[in-house]
Amino acid sequence: MTTTRTPAAEARAGDPARRRPRRRIDWGRLFTWAVLAWLFTPVAGMIVFSFNDIAGRQNVTWQGFTLKWYGQAFAYPDLNAALLTTVAVGVLTMLIAGVTGSLLGLALGRHRFHGRGATNLVMFAAICAPEVVLGAALLSLFLTTDVTTGFVTIVIAHVMFTISFVAITVRARVMTLDPRLEEAARDLGAGPWTTFRLVTLPMLFPAVMAGGLLALALSVDDFIITSFVGGETTTFPLWIWGSTRVGIPPQVNVMGTLIFAVGVLLAIVNIVLARRRS
Amino acid sequence: MATSTHEGPAPHPPTTAREGPAAIGLEGVVKTYRSGQETVAAVRGIDLAVHQGEFFSLLGPSGCGKTTTMRMIAGFEEPTSGTVRLAGRDVTGVPPDRRDVNMVFQSYALFPHMSVADNVAFGLRRKNVPKDEVRRRVGEALDLVELSGLHRRRPGRLSGGQQQRVALARALVNRPGALLLDEPLGALDLKLRQAMQIELKRIQREVGITFVYVTHDQSEALTMSDRIAVMNEGVVEQLGPPAQIYERPASRFVAGFIGTSNLLSGTVTTGVGEYARVEFDGIGHVLVRTDQTSGSAVDVTVRPEKVHIGADEPAPGMSRLRGTVGEVVYLGASTHYTVVLANGAEVVVFRQNSSDASNAAERGDQVWLSWRPDHSYALPR
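Line order of the protein sequences matches chains A and B.
Under full-length UniProt numbering, think of the first position of the first sequence as 1, with each following residue one higher.
Under full-length UniProt numbering, think of the first position of the second sequence as 1, with each following residue one higher.
Same shape as in the complex, but just chain B (with noise of 0.2 Å):
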């Protein structure tokens, strides 16, 4: 298991290039639970920086750790080690009610004796500001959730989609430093979370204010986040901008958790110019861009959409790869084929509908897969 965060060749600059304190930092931050005679370790060392106005999500399956690290930023457990810092301000040990982040609930949290109104306003009422001025604020906040005309109702009397407006409301209104989502759309049915998803990126465009968002679902981190930090087993698998986290897993885990990849074992022979050749056992060889020496064991990853399929020889110059159709499966606007090698190994390709394609390959057609080197990766086995 790899404890350091893999940042790659990122388009982004790196956080000290940015001016000011990142908006949240963690620094080694360890989080320990004591099961019976046992320790658990929720999160094992975690070193990151939000920046400031950022929409930054924590993505990983349920167990990695990534609610626990939400709960140590809002202040709700304190880390078993390390500082949190927000603002540039060390906030270890600091209650929730002192710490200028405010949370949305999985669960929204709303207040169900209290109206909507009462509810957005009882943050502002915390921090005495002025009747007018809280009334506006308020009015403003629903407004900007598209909410207004609500005020005087009670949280049960609205629906999902409502109660999710009014939880962000209620932490927006406040305008904190930063503000934390834990799954705030995972209640929500599918359509809807999908109009929140880009809800959500509007409302953080317009306000500014640098959002963490935990989520399991890779789809939603990729439509949002301006950058994602892959969680597994309480460390961050990798830290990038989505596409970088897409087309460059960085780990054999990330790119199995994000999205569909296609994982080939080989070994790396020798080195053409900045590329190595991958043996692979009785099926051929490919390039591939790697950093790996000679001898080592690899997994050669490519994305489905990547892969070309055809009865045609390929171009010189593209990774190639010869196989047997086995599944083809038509979804409207692409095909999936799964195609199985030589040593038994399955390739998914997926394949775009276009007007001017006719159908590439039927079930048992023996096929070419190519691909442009630059597309694969080997990683670490």
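Pulled out of the complex, with its shape left as it was, chain A reads as follows (with noise of 0.2 Å):
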């Protein structure tokens, strides 16, 4: 903290009878905590639940530590397939929305075209309708063209409302992007495509790779979407929605704590490339 002490205030500061450091609270950094604090005790707890010694499938009371629900991490076959069918959905979503989202930023950020506010809003709205909405009306145009919900469709779902996502990431990277760079690059001999290629691209890279992991952590994520344009198909979170009438086993809190621990690495790594990038 810096303060501008006064002649008074340093003749006070060296008289030992009043030099008691007064303690001071640093709201800032308590709020920064308590934030922390609000957002990692559900984490916090799923994690420590994942340890929790139980007999059978109730796992709210704290029995004990045990690691033997990692051991048998997979002991439900329809929960393995739920999760395959999450991280295949998760993956297929990020490469697609990824690639379009980067390219829409692009475009976005760079190039002025008719329909541009049209696409500006058309995202936003995207963004901003509830997600019940979005499940219904996907589900009634898949009902009405005939499509047969499950596996294809979850995708497509996804794909949709991640991409605008992945295209803010990267049209905000963009627009910071010095225009002269591809200017320089172009006025050094490289044709349109490989000023992409070997300037552009790697600078808009971290937004990309940010913009990609987003897609990927929100499908993953998702439950109302899915659970209207899933038809038979199962989702990691679909799974769990089921068996709570039943009970939810702790090997969920097992692949939720593994899910979390990809989640956290694929941040570092983006953060330490970021770093090396600039």
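Keep in mind that the hints were calculated from the coordinates and are not lab data.
Glycine included, C-beta positions come from ideal geometry on N, C-alpha and C.
Wrong hints could be hidden among the right ones.
As the list claims (entries may be wrong) - To spell it out: a stretch of chain B is covered by chain A in this simulated footprint if at least three of its residues, at any positions, have a beta carbon under 8 Å from a beta carbon of chain A; those stretches are:
| # | stretch |
| --- | --- |
| 1 | 102-113 |
| 2 | 122-134 |
Claimed, not checked - Simulated DEER-style distance windows between Cβ atoms:
| # | chain 1 | residue 1 | chain 2 | residue 2 | range |
| --- | --- | --- | --- | --- | --- |
| 3 | A | Val262 | B | Ile198 | 57 to 63 Å |
| 4 | A | Leu121 | B | Ser148 | 53 to 59 Å |
| 5 | B | Ser148 | A | Ala126 | 52 to 58 Å |
| 6 | B | Thr92 | A | Gly115 | 45 to 51 Å |
| 7 | A | Asp178 | B | Ser265 | 46 to 52 Å |
| 8 | B | Arg205 | A | Pro202 | 54 to 60 Å |
| 9 | B | Arg205 | A | Gly191 | 54 to 60 Å |
Join these two chains into a complex; the hints should help.
Next up, the structure:
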């Protein structure tokens, strides 16, 4: 904390009788920790209960520490299938929304074209619209067009609602990018495609990566839209929802912990890469 | 507004006398932009030829069209009408990557994700130059700009002056037909800028490549250039070597933009041999060289350092005016006087503080101002 000390304050500070350190509450620090606690307590609870030594499926009170659920992580075949579906949908969404969303963000950030305003509006609407509305709308669309709901429709739906997030992330980066860099590349003999490959894309890569991870996280997370368009296909969140009536087995906590760990790892990799680049 | 290019009786031969085509030729180049309903002209018709191996400056205030002109040479902008030629070849409509010119950007535009060596090698690699030759030429280019040993550094870890040198090396290494520099020293502090001016001139002499230098800094242009095109409002006001631009400004704008000029309004009365007599309202007359006919209103211009200030009556044959000393500013090497004439006009005088000279005048003194008629010119008003 920086304060301007007046001569009087200096004199007082020099007086040993008054030199009692006064503890002041650092509200900024306190608030930061409060927010972090707010955010991470549920996650910590999930992780802790993945080590809960219970009998049966009622994982609600602490019974003691065990690692056995990690050994039996894949004891429920239908849970495994649901997790696999979620991962497959997530990765596909990340790739499709990552690529198309990035290109969309690049176009919106760099070029003026017909329909630019409309595209921005639609993207904003896709983010704002309640998931229930999107889910119901998609389901009725698929029903009226006679598309069988299932894996493919889940991917379509997930790409649809994550693409805006990717585009906005990339667009923000594009707007801070010096257009002279691309001009310099052209000036030095690079054609449009080479310029994109060697200059634009590497500069945008952290944002593309962040956008892709965001899409993955949103996809893995999603329950509402997926429950509408999933058909017979069950994803990880859907399976958990279905099992609440009979009790959620600790395997769910184990998988949740693993997914969280992978997420944290990816975030760290992205940060490290971004630091190395800058 | 004069739309023609004034090329005075230059000691320089005209373009056609040089062997081979001009390095850069602009013919009737116009550039207009749409701004809502309006059409804004950035460049209103430029004809000029930059000779091979020349250090050529485009000088003018911001918004005069100099950067647009340079961007049209580089290929980032296409002229609305007119032709751009590089070494005689019409390149109008050719994209920047297929033009044999390279640019040094004001912001340097170094690729932040590449090392210094990769930045410099970028152009050579695009031309599929063999690996060994790339390494050798990158080394030579970095030696030339005195940055040897920084190959592996990222541009972000270099000082402004070093980044500037990398940008220069990155362009020069391609041995372009012409190098375009867009206010490359603008971001550097004064000392570094002055050192780089001399450095740039040395490099240009060593490599012998045509330099086109865009700047709004008149002293920079005067220091480095072989020829200067002074631009204003989208046209070239005057084109010539620095001494000619400075000594014989062709228009009021050039006289005002380059250095300090005294402008005295008067009327041409009679011719006296190759001189004309210009009558000032209430303060007398002077003789100047001019092609203006009698009766025309003119501004007589004379540079502050050409004016002699003193109490004694000037020698016969000198142009002379009488005035009262207003401000006296001592600047170490020189002293600047502001002298007020009887009609209220002010004349600025620079006087060297040489060892033998005592103070020429104090504030409030009545003084004679005098100069050789050859040192003043009449500009049409």
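Quick rundown of the hints versus the structure:
1. 102-113: Coverage by chain A holds for the stretch 102-113 of chain B (9 residues, Cβ < 8 Å).
2. 122-134: holds (count 4)
3. A:Val262 / B:Ile198: 57 to 63 Å: holds (59 Å)
4. A:Leu121 / B:Ser148: 53 to 59 Å: holds (55 Å)
5. B:Ser148 / A:Ala126: 52 to 58 Å: Holds, at about 54 Å.
6. B:Thr92 / A:Gly115: 45 to 51 Å: violated (32 Å)
7. A:Asp178 / B:Ser265: 46 to 52 Å: The hint (46 to 52 Å, Cβ to Cβ) holds, given that Asp178 of chain A and Ser265 of chain B are roughly 48 Å apart.
8. B:Arg205 / A:Pro202: 54 to 60 Å: violated (37 Å)
9. B:Arg205 / A:Gly191: 54 to 60 Å: violated (34 Å)
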